[in-house]
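Visitor: Going line by line, the protein sequences match chains A, B and C.
Converting from the first sequence to our numbering requires adding 75 to each position, the first position being numbered 1.
Converting from the second sequence to our numbering requires adding 43 to each position, the first position being numbered 1.
Converting from the third sequence to our numbering requires adding 14 to each position, the first position being numbered 1.
Honestly, the hints are just simulated from the structure, not real lab data.
Don't take each hint at face value.
[What the hints assert, rightly or not] No farther apart than 30 Å at their CA atoms in a straight line, the calculated lysine-lysine pairs in the DSSO-like style are these:
1) B:K290 <-> B:K263
2) B:K175 <-> A:K225
3) B:K181 <-> B:K65
4) A:K225 <-> B:K121
5) C:K141 <-> A:K310
6) B:K181 <-> B:K121
7) A:K225 <-> B:K130
8) A:K225 <-> B:K225
9) C:K141 <-> C:K164
10) B:K65 <-> B:K121
11) B:K225 <-> B:K290
12) B:K225 <-> A:K310
13) A:K225 <-> B:K181
14) B:K175 <-> B:K225
15) B:K65 <-> A:K225
16) B:K263 <-> B:K65
17) A:K225 <-> B:K263
Listed below are the residues making up each chain.
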Amino acid sequence: MSMVDLWFEGLNQRTGWNFSVIYNAWERAKYINGVIIAVELAVWAFLGSMLVGGLCMLVRQSRVRPLRWLVTVYVEFFRNTPGLAQLYFLFFGIGSYFQLSTYGPSGEPPLLSPFQFVVIGLSLQYGAFVAEILRSGIEAVPRSTVEAAKSLGYNPTRALFHVILPLAFRTSLPALGNNMAQIVKSTAMAYAIAVPEALYVAHEIWTEHFNVVEMMNVVLLTYLGLMGVFTLIVKLLERWLHVPGMGR
Amino acid sequence: MTDSQTPSAHVRLTDVHKSFGKTEVLRGISMSVARSEIVCLIGPSGSGKSTILRCINALTPTNTGSIKVDGIEVTDAKLDALALRRKVGMVFQSYNLFPHRTALQNIMMAPIQVLGEPRREVEVRARELLAKVRLEGKENAYPGELSGGQQQRVAIARALCMNPEVMMFDEVTAALDPEMVKEVLNTIRDVARDGMTCILVTHEMRFAREVANRIHFTDKGRIVESNTPQEFFDHPQDERTQAFLDKVL
Amino acid sequence: MSALTDVFAPGSAFATLLPWLPLVIKGFGLNLLISALSMVLGLLLGVLLGGMQMAQTGVIRWPARFLTLFFRNSPWLVIMFYVMFLLPFEIHLASFLVRIPDWIKAVLALTIPVGGYVSEIVRGGLKSVPTTQWEAAGALAFGPVSTLLKIILPQAVRQMLPPTMNLYCSVVMATSLANIVGVQEVMTITQTILSTETRPGLILPAYGLTLVLFFAYVFPISLLARRLERVWQFGAH
Chain A
76 MSMVDLWFEG LNQRTGWNFS VIYNAWERAK YINGVIIAVE LAVWAFLGSM
126 LVGGLCMLVR QSRVRPLRWL VTVYVEFFRN TPGLAQLYFL FFGIGSYFQL
176 STYGPSGEPP LLSPFQFVVI GLSLQYGAFV AEILRSGIEA VPRSTVEAAK
226 SLGYNPTRAL FHVILPLAFR TSLPALGNNM AQIVKSTAMA YAIAVPEALY
276 VAHEIWTEHF NVVEMMNVVL LTYLGLMGVF TLIVKLLERW LHVPGMGR
Chain B
44 MTDSQTPSAH VRLTDVHKSF GKTEVLRGIS MSVARSEIVC LIGPSGSGKS
94 TILRCINALT PTNTGSIKVD GIEVTDAKLD ALALRRKVGM VFQSYNLFPH
144 RTALQNIMMA PIQVLGEPRR EVEVRARELL AKVRLEGKEN AYPGELSGGQ
194 QQRVAIARAL CMNPEVMMFD EVTAALDPEM VKEVLNTIRD VARDGMTCIL
244 VTHEMRFARE VANRIHFTDK GRIVESNTPQ EFFDHPQDER TQAFLDKVL
Chain C
15 MSALTDVFAP GSAFATLLPW LPLVIKGFGL NLLISALSMV LGLLLGVLLG
65 GMQMAQTGVI RWPARFLTLF FRNSPWLVIM FYVMFLLPFE IHLASFLVRI
115 PDWIKAVLAL TIPVGGYVSE IVRGGLKSVP TTQWEAAGAL AFGPVSTLLK
165 IILPQAVRQM LPPTMNLYCS VVMATSLANI VGVQEVMTIT QTILSTETRP
215 GLILPAYGLT LVLFFAYVFP ISLLARRLER VWQFGAH
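Please build the complete structure, drawing on both the sequences and the hints.
Guide: Now the structure itself:
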């Protein structure tokens, strides 16, 4: 590690390119921590969005029309408004109104941290997308396959669980993978409420050293790297679930 | 409760009407199928043949009329769908099989998951059925790896694994390439020969003539003519039947 | 029930916000302007890249593919920071001093991901036209560019319109990111209002208003895109 450090210090002295984040141990640790936080945000938000989207999908199967309508309202609202505005509404609006993001009267820490707000916000936002993805996955299951299940005696619930959902999920995989990629990109938004993820840390570093160009490049590469890793994971998952003869 | 005046039919439809919105698809269908009888429904597209099958196993609800399967009143609001579908098996034209499961799993799934039968017994029966439809060795093949004809034979085996009393075939060879039609028809012939009550919707005239005990001709939601295959093909009574046969034969 | 009428009573949040409404709308207008400009520029960039992606020679195709993937996979906020900080706020063109205001930088920043997405839309659209069309055009002595413009594109446009409309919706929503880098768009103005009025009960309605504004503009477009997609019946993407 120190060989690399020395090389970058030398680079700084020779050319002025200051990749302090690499050779400065403290900054390096802080930045890596920022990347880890970004990954944690993405993973939690992904799980949260799957939970919310799955819930919506289940509610949509119910016969009670007002419930289905409620899900539609939720989905349309969160798909057609900006994530940042949703985050501000949640964190500054709901957070302060219900005293979730505020400090207590004698300095007690808030009930929900900014990190958690971002996870909740992203889960709600992308849960709407997952709900739509699952809906088209379910609609893509051929009617005659569903009827074949019914003819074999599967009641609606069993048919959903044993036949429709496994097929819908496989069909939805590419779109769910894309959803994951979108979530990874969106975690940068956490910057706005001071979550110390990669972009935020980079900002701290460049305000100190004025090495904006270098830091921006590092951040860009970081996010591209993260996207690449997640895309790979999804591709591996697709391969693992692949059934011969199924798929596009 | 069976009507004591008529012989007890296995499946009996009485004046069944079905409309989809404003379109009346079934305009008073009455027919009965005796045990082990092989009945073919023949007619132009849109005449309601498939709808009749779907009404029998309650996939499509009827508007008026009565359908009785071995004493179970299908049109009853409190119908026990599972009991009905244990008695009546159905094979569809396409996209029957569950693509995410192997052939053997497809056959075994319903008895295990729906009827709760023990896995061991079901597996033995499933393997026998697979051999019966001449697909030994294809147990672990996925539907995507099988030809259309092979898939239909697995679908037939799958329906048979539930030990039904009535088998219904809805144009099961219509979507197949010609060279695969024969193998599926052979399988159906075997099923019929074993004494199963069968109702077929089919365009395969030669097959119908050979296998059926009775043929019903449907046109615009009504059964226009019913007869034995011999009489039906050689001496059609109604002019609509005649017109149809002229077109297809 | 009285809580509901309280909302609109004088001295309430609603009454406090009302005089600010013109400013908020004006801010939102900037969002829409940014979205329109970056959409236009992004379309130009994207059509160019998309066309290049379909080229026969690798020398043209690979850089275009690389750029498309690069633009599509970078977080929009990061690109915005990039452009904000790396573009000078004024440049010298011959003897002119050109000021580049922040919002123009936002336009340029958003142009980049739009270009990447349009490039993929164009590639998908062109691919959806059967290759037989290309062959027929070639047989009639159309050159590659002519074929593209006169024969292929008109057919591909139907395929491309709904995703482009959805992209535009995303762009409109992404203009809110400009708030983070200080552009005076609707979110920033809302924050300014909140710091001026300092009523805690104002926060929810104020941000709620921004959500309503975006929704009112984006939702109809999204619906239209979906309807077009259904009517033109293009298969699964």
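Visitor: Against each hint, give a clear statement of whether it holds in the structure.
Guide: Structure-based check of all given hints:
| no. | hint | verdict |
| --- | --- | --- |
| 1 | B:K290 <-> B:K263 | holds, 17 Å |
| 2 | B:K175 <-> A:K225 | holds, 24 Å |
| 3 | B:K181 <-> B:K65 | violated, 46 Å |
| 4 | A:K225 <-> B:K121 | holds, 17 Å |
| 5 | C:K141 <-> A:K310 | holds, 23 Å |
| 6 | B:K181 <-> B:K121 | violated, 40 Å |
| 7 | A:K225 <-> B:K130 | holds, 13 Å |
| 8 | A:K225 <-> B:K225 | holds, 28 Å |
| 9 | C:K141 <-> C:K164 | holds, 16 Å |
| 10 | B:K65 <-> B:K121 | holds, 26 Å |
| 11 | B:K225 <-> B:K290 | holds, 22 Å |
| 12 | B:K225 <-> A:K310 | violated, 41 Å |
| 13 | A:K225 <-> B:K181 | holds, 25 Å |
| 14 | B:K175 <-> B:K225 | holds, 15 Å |
| 15 | B:K65 <-> A:K225 | holds, 26 Å |
| 16 | B:K263 <-> B:K65 | holds, 14 Å |
| 17 | A:K225 <-> B:K263 | holds, 27 Å |
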